[in-house]
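Chemist: Chains as they are written, first to last, in our numbering: chain W, 1 to 340; chain E, 1001 to 1139.
Since the hints were made in silico from the structure, they are not lab data. A hint or two may mislead.
[Unchecked claim] Derived pair list, reagent style BS3-like, types lysine-lysine, alpha-carbon separation capped at 30 Å:
1. K1090/E to K196/W
2. K1003/E to K304/W
3. K92/W to K1135/E
4. K231/W to K1089/E
5. K1089/E to K205/W
6. K1053/E to K92/W
7. K201/W to K1089/E
8. K1135/E to K201/W
9. K211/W to K1136/E
10. K211/W to K1090/E
11. K228/W to K1136/E
12. K196/W to K1089/E
13. K228/W to K1090/E
14. K231/W to K1090/E
15. K334/W to K1135/E
16. K211/W to K1053/E
17. K1089/E to K304/W
18. K1089/E to K228/W
19. K1053/E to K311/W
20. K211/W to K1135/E
21. K92/W to K1090/E
22. K228/W to K1120/E
[Stated by the list, open to error] Coverage of chain W stretches by chain E, computed from C-beta distances (three or more under 8 Å per stretch; other residues unrestricted):
23. 134-145
24. 219-227
25. 294-303
[Said to hold, decoys possible] Ranges between beta-carbon positions, derived for each pair:
26. P1131/E to G338/W: 47 to 55 Å
27. D319/W to H1073/E: 26 to 34 Å
28. Q1030/E to S320/W: 43 to 51 Å
29. G212/W to R1028/E: 48 to 56 Å
30. K1003/E to R91/W: 42 to 50 Å
Even for Gly, the Cβ is constructed at its ideal location relative to N, Cα and C.
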Amino acid sequence: MKCAEVIQDIAAAILREKLVDGVLAFAQGVDMSDIVPILITDEQDARKILIASYQPCSLAKLASEYGGESKKLAVIVRPCDARAMVELAKRKQLDLQNIYSIGIECYGVAREPQGEIYIFPEEMLVDGEVKHLNKEILSPSCLRCEYPIPTMADVSCRIEKDGNCLVAANTERGESVLSAAKITAQEKVKDISPIKERALKRQEKEFGEIKGMEPRERLNYWLRQFDKCIKCYGCRNSCPICYCEDCYLEPERLLVQKEEYPPEMLFHITRLIHIGDSCVNCGQCETACPMNIPVSKLFHMMSKELGVLFKYEAGLDVDSLPPMSTITEEDLAKGGVGLG
Amino acid sequence: MGKFEPRILGFLCNWCTYAGADLAGVSRFQYSPNIRVIRVMCSARVDPVYVMKAILAGIDGVLIGGCHPGDCHYIDGNYYTRRKAAMLKKLLEILGIEPERVRLEWVSASEGTRFAETVKDFTETIRTLGPNPLKKGKE
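Isolated chain E, as found in the complex (with noise of 0.2 Å):
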């Protein structure tokens, strides 16, 4: 069993997150490789079914990231994800994994930084939390 390396998966919004991703990237921030990203046009997008069928499929954490409040792009998207982000949280703890899995954040376009920062620090934040208990398969 090789050193653990936590693979991430980001659901990203389109008119914040994703942008300040993409400003990360053009600013050349450095921050660490293993979030996989994929865009969706808001957060509110990102049903709680979806984040559980990939945390059920042996991923290690679940970025979501949406506008600040206030600035969704669809006027109050972000306000529902947050209920949404409330309630995972929830479930995983009944479930039995640990809720930390899952972080919403904020990140607009302009926070090249926050979303390098971000992404680092969950990162370690899975690290320390391990693999999935539900990966399957050899590491």
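Pulled out of the complex, with its shape left as it was, chain W reads as follows (with noise of 0.2 Å):
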């Protein structure tokens, strides 16, 4: 079966046993190019969910936003949804218990809202014929991505080069969304290296460049990048980790005077020292930008070198809480100024 129909099974078999009250996913808008956010708790419209190769906003945010104690749902998700809703559980902002999350093997999304709907991995025959993924058309955070499946969902699904699906179940829970769907889960073992290569490969590059140059170079670099900001907020409104709902960035909130915007650089800096230690490098932020501002990379960046220094990853292990709001067994050992 294809991966569309499998998780379209799945959802309408959850609504129908009532193991859930609604399912968020995408779906077509007006158009083939038009993709939009949905949430379905009639299973007739189970069928309207799609695979989409470009992802409008992130289903982490609004399942933190639309979930609840009273309300259970299920989320279809990308391993970058997957690692948002995590780092949001560990900020009291959803309960993974009442989320039951959907994964799909992904391979990256469009930078771009694309005409044909579907993603596909390295190479899928598509009517007979051999296609290559074409790396062009891919958002630039999605090269840099190491997930390529959603080992952190409670169900994650497989693409197969001839486009059918193989699913598994990642936890208890995912196993009893796949008895109600009638679906017998299949091996979880794939060999993820080459992507996990390739992606730590292209990371080296693009954070390579900025860390080759000269600090000042470096310091003009990013200048320059900042004052392409026209202070949308767009970054800021688009990020799933981004969950505070009075902002620092908000006028009267100490850092911004009344009928004001936040100053040049500030304004990255200030979303940087609050989420740079979780970010997911889901690049909502960018593709939000209308500014082209490399903001992805730089959070990621950011996030990469302070995993280094914290030893954490973001989005994995919902117990292991942001290195910024927690102390260690580790820390309390140690007597000097720095953490080396």
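Work from the hints to combine the two standalone chains into their complex.
Modeler: Structure below.
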């Protein structure tokens, strides 16, 4: 069966079995290039679910908005959404016990809406013809992504070369989803090392370019980038981890005077300080940016650097808290001013 | 352009470093007059955003002073400060500003000499680094 059909079947089944009250997914809007998020509560509507090649917004953010104690949700996620949900759960913005995440294997989404609505692995048979993944259209953050398989989701769906879909349960809750949908789970081992390697190479290249600059040159580079900012707040609004209702960057909240905008560089730096340790590299900020500022690159770089420093990886384990809001036994044993 | 005189901002914790600075003053220890002090209740009160705001506004160096580990009046505030300072240094490095412009020091209430020495030393460090590249206007 094709991946979209499997997902649709699962969604219909869990709605029928009353496992969840609603399913969050993407559906088609007015035409093929218009993809919109949709909250499905009727099993008839499950057919609307699409596995789109474009991600207009983060479903993790919507899940924290629509979900709640009285409302159980299933969310059709990509690995970055699943990781963002883990990060939101750490910040008490959603309870993973109330949310079933159904993950799709993901090799990147397009930078802009595409006419053809499907995603595929490295290569795929379309009407008997082998098609290769066109990396040109991919969002830049996807090229740096090391997590093609949503192992943090309850269920993960794998797409085979011929377009068929294999399903695996990663948690007990995932198994209950599959048993409700009467789907047998398949083995879940898949070698992702080539993808990881490619992603790391890409990261090395992109981050290396910046790290290789002289400090002054680097500062001027960022100043030039931040200079483009028109303070539309798009990156903040689209970021799944930026959850504060009362944002620092709003007027009359200490940094910004009434009826004013945040000063040039401080806008991005404030955001970087707040969530730079937990960036999941979903790329929503960069997609939202009308001025093409490489925000996602900066945030991903920061989170990678801090990850090494604090031995932390965002979005994988709900029990390991963000480094800026926790201290460890190791910290208590150290006396100096540095962490090293 | 005159001789470069560093301007340093100090966030000092009320219970240790501020008292240490006070002791340095009362004991008449000589130290560089380049530091401007803001007293905070705990070094963990210093949001990294404040430090970045000061640096973006053109301050040459920021000194954060807290209690020695284990001595925090609020039990573990200074451990959080240490993490924040480590993060700030990384951030400055990524942005292309010298990470040495931010310095964290543990100074207890009885260490007046240590405070004076720290300020002297930090002022000299900043003097060798030169003015903050983000400083606007005439020097």
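Chemist: Run every hint past the structure and note whether it holds.
Modeler: The hints, checked one at a time:
1. K1090/E to K196/W: The hint holds at about 25 Å.
2. K1003/E to K304/W: 40 Å, violated
3. K92/W to K1135/E: 40 Å, violated
4. K231/W to K1089/E: Given pair K231/W, K1089/E holds - Cα atoms ~26 Å apart, limit 30 Å.
5. K1089/E to K205/W: It holds: about 23 Å lies between the C-alpha atoms, which stays within 30 Å.
6. K1053/E to K92/W: 29 Å, holds
7. K201/W to K1089/E: 25 Å, holds
8. K1135/E to K201/W: 37 Å, violated
9. K211/W to K1136/E: Holds. K211/W to K1136/E sits at ~25 Å (cutoff 30 Å).
10. K211/W to K1090/E: Answer holds: K211/W to K1090/E is near 12 Å, not above 30 Å.
11. K228/W to K1136/E: Given pair K228/W, K1136/E holds - Cα atoms ~19 Å apart, limit 30 Å.
12. K196/W to K1089/E: 28 Å, holds
13. K228/W to K1090/E: 24 Å, holds
14. K231/W to K1090/E: 25 Å, holds
15. K334/W to K1135/E: 36 Å, violated
16. K211/W to K1053/E: Roughly 23 Å separates the two Cα atoms, so the pair holds.
17. K1089/E to K304/W: 14 Å, holds
18. K1089/E to K228/W: 25 Å, holds
19. K1053/E to K311/W: 28 Å, holds
20. K211/W to K1135/E: 23 Å, holds
21. K92/W to K1090/E: Holds - the C-alpha atoms of K1090/E and K92/W are around 27 Å apart, at most 30 Å.
22. K228/W to K1120/E: 40 Å, violated
23. 134-145: Violated: only 0 residues of the region 134-145 of chain W have a Cβ under 8 Å from chain E.
24. 219-227: As far as the region 219-227 of chain W goes, the hint holds, because 4 residues have Cβ atoms under 8 Å from chain E.
25. 294-303: holds (count 3)
26. P1131/E to G338/W: 47 to 55 Å: Violated: the Cβ-Cβ distance is about 26 Å, outside 47 to 55 Å.
27. D319/W to H1073/E: 26 to 34 Å: Because 30 Å falls inside the window, the suggested range holds.
28. Q1030/E to S320/W: 43 to 51 Å: Holds: the Cβ-Cβ distance is about 48 Å, inside 43 to 51 Å.
29. G212/W to R1028/E: 48 to 56 Å: 50 Å, holds
30. K1003/E to R91/W: 42 to 50 Å: Cβ of K1003/E to Cβ of R91/W: about 49 Å, so the range 42 to 50 Å holds.
Checked against the numbered hints given earlier, this structure breaks hints 2, 3, 8, 15, 22, 23 and 26; the rest are met.
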